[in-house]
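Chains A and B are the protein sequences, given in the same order.
Every letter in the first sequence is one number past the one before it in the numbering used here, and letter 365, counting from 1, is 365.
Every letter in the second sequence is one number past the one before it in the numbering used here, and letter 231, counting from 1, is 231.
The set of hints was computed from the structure by calculation and includes no laboratory data.
None of the hints are false.
Estimated spans, in silico, between C-beta atoms of each pair:
| # | chain 1 | residue 1 | chain 2 | residue 2 | range |
| --- | --- | --- | --- | --- | --- |
| 1 | B | R26 | A | V346 | 55 to 61 Å |
| 2 | B | P22 | A | V329 | 45 to 51 Å |
| 3 | A | P233 | B | A135 | 41 to 47 Å |
| 4 | B | R132 | A | P122 | 57 to 63 Å |
All C-beta atoms, glycine included, are put in the ideal place defined by N, C-alpha and C.
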Amino acid sequence: MLERPPRERIHDFEEVDPGLSQEEAVAEAMRCLQCKKPSCVAGCPVSVAIPSFVSAVASWDFAGAAAIIKEENMLPAICGRVCPQESQCEGACILGVKDLPVKVGALERFVADWERAQGFVPPARSQSTGCRVAVVGSGPAGLCGAAELARRGHTVILYESLHAPGGVLLYGIPSFRLPKDIVQAEVAQIEALGVEIRTNHLVGRSVTLEDLFAFDAVLLATGAGLPYFIGIPGEQLAGVYSANEFLTRVNLMRADRFPAYDTPIRRGSRVVVAGGGNVAMDAARVAVRLGASVTLVYRRNEEDLPARRAEVVRAKEEGVNFEFCAAPVRILGESEVTGVTCVRMVVCAQDGNMRPVPSPVEGSSFTLDADLFIGAIGQGPNPLLIREIPGIARGEVGNVEVDPDGRTSVSRLFAAGDVATGAATVILAMGGAKKAALAIDQMLIRSGSV
Amino acid sequence: MYLIEETKQLADRVFQIWIRAPHVARHAKAGQFLMIRVAETGERIPLTISAVDGDSVRVIFMAIGKTTTWLSRLATGDTVLDVAGPLGRPSEIKPYGTCAVIGGGVGIASIPIIAAAAKRAGNYVIGIIGARNSALLILEEELAGTCDELHVATDDGSGGTHGFVSDVLKTALQKQKIDCAWVVGPAMMMKVTSMVTKPFGVKTFVSLNPIMVDGTGMCGSCRVLVGGTTRFACVDGPEFDAHQVDFDLLIQRQRSYLNEEKSAIEEYLVHTCQCSGGSPHA
Ligand SMILES: Cc1cc2nc3c(=O)[nH]c(=O)nc-3n(C[C@H](O)[C@H](O)[C@H](O)COP(=O)(O)OP(=O)(O)OC[C@H]3O[C@@H](n4cnc5c(N)ncnc54)[C@H](O)[C@@H]3O)c2cc1C
Ligand SMILES: Cc1cc2nc3c(=O)[nH]c(=O)nc-3n(C[C@H](O)[C@H](O)[C@H](O)COP(=O)(O)OP(=O)(O)OC[C@H]3O[C@@H](n4cnc5c(N)ncnc54)[C@H](O)[C@@H]3O)c2cc1C
Ligand code: FES
Numbered sequence: 001m002l003e004r005p006p007r008e009r010i011h012d013f014e015e016v017d018p019g020l021s022q023e024e025a026v027a028e029a030m031r032c033l034q035c036k037k038p039s040c041v042a043g044c045p046v047s048v049a050i051p052s053f054v055s056a057v058a059s060w061d062f063a064g065a066a067a068i069i070k071e072e073n074m075l076p077a078i079c080g081r082v083c084p085q086e087s088q089c090e091g092a093c094i095l096g097v098k099d100l101p102v103k104v105g106a107l108e109r110f111v112a113d114w115e116r117a118q119g120f121v122p123p124a125r126s127q128s129t130g131c132r133v134a135v136v137g138s139g140p141a142g143l144c145g146a147a148e149l150a151r152r153g154h155t156v157i158l159y160e161s162l163h164a165p166g167g168v169l170l171y172g173i174p175s176f177r178l179p180k181d182i183v184q185a186e187v188a189q190i191e192a193l194g195v196e197i198r199t200n201h202l203v204g205r206s207v208t209l210e211d212l213f214a215f216d217a218v219l220l221a222t223g224a225g226l227p228y229f230i231g232i233p234g235e236q237l238a239g240v241y242s243a244n245e246f247l248t249r250v251n252l253m254r255a256d257r258f259p260a261y262d263t264p265i266r267r268g269s270r271v272v273v274a275g276g277g278n279v280a281m282d283a284a285r286v287a288v289r290l291g292a293s294v295t296l297v298y299r300r301n302e303e304d305l306p307a308r309r310a311e312v313v314r315a316k317e318e319g320v321n322f323e324f325c326a327a328p329v330r331i332l333g334e335s336e337v338t339g340v341t342c343v344r345m346v347v348c349a350q351d352g353n354m355r356p357v358p359s360p361v362e363g364s365s366f367t368l369d370a371d372l373f374i375g376a377i378g379q380g381p382n383p384l385l386i387r388e389i390p391g392i393a394r395g396e397v398g399n400v401e402v403d404p405d406g407r408t409s410v411s412r413l414f415a416a417g418d419v420a421t422g423a424a425t426v427i428l429a430m431g432g433a434k435k436a437a438l439a440i441d442q443m444l445i446r447s448g449s450v
Numbered sequence: 001m002y003l004i005e006e007t008k009q010l011a012d013r014v015f016q017i018w019i020r021a022p023h024v025a026r027h028a029k030a031g032q033f034l035m036i037r038v039a040e041t042g043e044r045i046p047l048t049i050s051a052v053d054g055d056s057v058r059v060i061f062m063a064i065g066k067t068t069t070w071l072s073r074l075a076t077g078d079t080v081l082d083v084a085g086p087l088g089r090p091s092e093i094k095p096y097g098t099c100a101v102i103g104g105g106v107g108i109a110s111i112p113i114i115a116a117a118a119k120r121a122g123n124y125v126i127g128i129i130g131a132r133n134s135a136l137l138i139l140e141e142e143l144a145g146t147c148d149e150l151h152v153a154t155d156d157g158s159g160g161t162h163g164f165v166s167d168v169l170k171t172a173l174q175k176q177k178i179d180c181a182w183v184v185g186p187a188m189m190m191k192v193t194s195m196v197t198k199p200f201g202v203k204t205f206v207s208l209n210p211i212m213v214d215g216t217g218m219c220g221s222c223r224v225l226v227g228g229t230t231r232f233a234c235v236d237g238p239e240f241d242a243h244q245v246d247f248d249l250l251i252q253r254q255r256s257y258l259n260e261e262k263s264a265i266e267e268y269l270v271h272t273c274q275c276s277g278g279s280p281h282a
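So that you can see chain A by itself, here it is in the shape it has in the complex (with noise of 0.2 Å):
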């Protein structure tokens, strides 16, 4: 189906991209080769079996191909919408090298979406263990692992800290990428598997380490929701955004509706960006939404842009204008903003991740006139509770240390998804936290407990 135009969607929060219908989906389900060595499973981070659910599509079977998703997926209809499929299981597809790959996100998204429609129906669960597992945090990588646990008969608790489930899910990626509506369903799924889901409750404080250990095993899913600052001079300003906060304001307390909602937000009517991964086009994109002109400023080239390529073309659709080889030095201002001072930069080596190592040119400011800044440079793990935990092995970013089944150096402990490796995917997150539930499983019942 054709996207909705951007005249028109700038000026609401419904979804851009409409899915696909039955005829379309079936027709697009045939297009795929069923290739024996199929190069798109390989790259799936969590290996769902691509061509049995596109033939089930192509053979109308729309409930056989949820099953088959969800075998290796829980929240398809999420991932459908926000994996990064050009450079996954699409950008794999034997079909890609000449014409279009198979629009597997697309099916994903309509096999999921169709299932909801029907009504879901809850899996069955093992007898009750009698073993209790306590989730931190209720992003991708605390859903998956706490569905995975609780249908293995173990008992889950899941905190979490904000007024309601989702983590990034909810507070960050915007409703026009991601309808909320979704989201609340794929909750409401695991919470029909048992999971008790307590909101509210902020691991390290209103749960402490001991009443944390007293689980028979934790698993931390606390995300990396840690905004970092440029540490450029101007970013005290009453107009200068964390990425995070701007969405957090828009996505989470509905600031975009005030005073119907009362969470204020700054709109600004120039409002540059910094960044260039989805959050910075997130937070772009929301900023038109609100009536901005909005400039993007990224350090590297436009090729070198981490975000998702669909969502950059839609961002330039909808009038986004990007500044690239470009970095911001100061923001202007005396207690407002009123511009942001960049500098060019040009890119000349690579780093160890073979990525382009920008730096400046000297002379070559320039200044933008903007009333609101807002920064996308990247998240962290939060520290507040993992610097609490004795003994706990940390990585070069502040994340959690852990082996591949999610296995941290403290005992009982296991961690996944952001906290464990950086910011990255949702279905990283996800893959992240089903090993590690399989991983306390087995350790559940090998230590006698189950």
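For chain A, the structure is supplied; the task is to place chain B with the ligands on it using the hints.
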């Protein structure tokens, strides 16, 4: 949903409510706060935990804007949708010797729990509270019971000493050695009062009140400058070394939403006047 167990007006526009919130009450300590959201459309606002009793916590607030006015109109038996906490680091309570706990205006709300904890740790506790006038003074009786001595000041002289808490503190400092002080109140009052303790070398804590959104360290709205570094008041504070805090910046950032706040309360008052009929405060 969290039950309002008791409500009481303490002074002009100052209210106290007891909320049943076992998860907050269980581990709450002096110096910590909670985030409250009245209903689905509400803002999350921070309020200091002023006392704890069993499964319940007390907050005291001044009805100055939309949310606090809304809260002030709730009655015993009503509920609020969300209460998260306890948040922030607890006060650094130690056996210092002699402690002064100083509250200004509605900031007095934070004082009883700190005074009680300091007392339990074996300190001699001097309470100093002040307000614009005696009608705005709160918790005098309660604090008189907790503190070893309690001094009162009002700006207009209608109660206690005529003057500011900072004046009373200065007099006290000239007479006796004070080892540690807590100052809680409006940013300007904290700034002025901590300037008084500085020359005496008194370790001084202030409880900063920047605008917050989540209260859990994930947005940076509450960032403050302490000793030249950016700190998040909700997780690194709210209490900081007073002599390191950039108060002017705090005051500047607190004003970020003046226009929006004004329109929110105006709209709320107009709206509730027309349709609330029997509400006693409307
Ligand atoms: C704006 C934005 C857009 C993004 N877009 C995409 C995209 O298009 N595609 C994609 O794949 N990825 C995207 N990502 C990345 C993706 O969202 C994350 O990788 C993913 O959400 C990580 O999941 P998680 O479960 O580890 O953590 P989170 O989703 O961060 O959830 C962690 C949860 O834990 C809670 N928590 C933290 N500490 C505590 C505590 N002490 N006690 C209780 N609860 C706690 C938090 O409140 C939060 O709800 C985006 C991220 C952002 C911010
Ligand atoms: C850690 C912490 C603890 C606090 N404890 C208490 C308490 O125990 N009792 C109490 O009455 N207040 C307390 N505050 C302040 C309280 O949170 C604000 O007054 C409240 O958010 C106002 O909400 P409102 O919707 O009623 O008013 P708004 O419409 O949001 O604001 C009305 C007026 O209050 C000012 N204001 C807004 N937010 C703040 C703020 N965070 N600090 C100071 N002024 C502000 C505005 O500039 C405006 O003039 C605390 C703040 C923090 C950060
Ligand atoms: S209030 Fe959001 S980080 Fe402190």
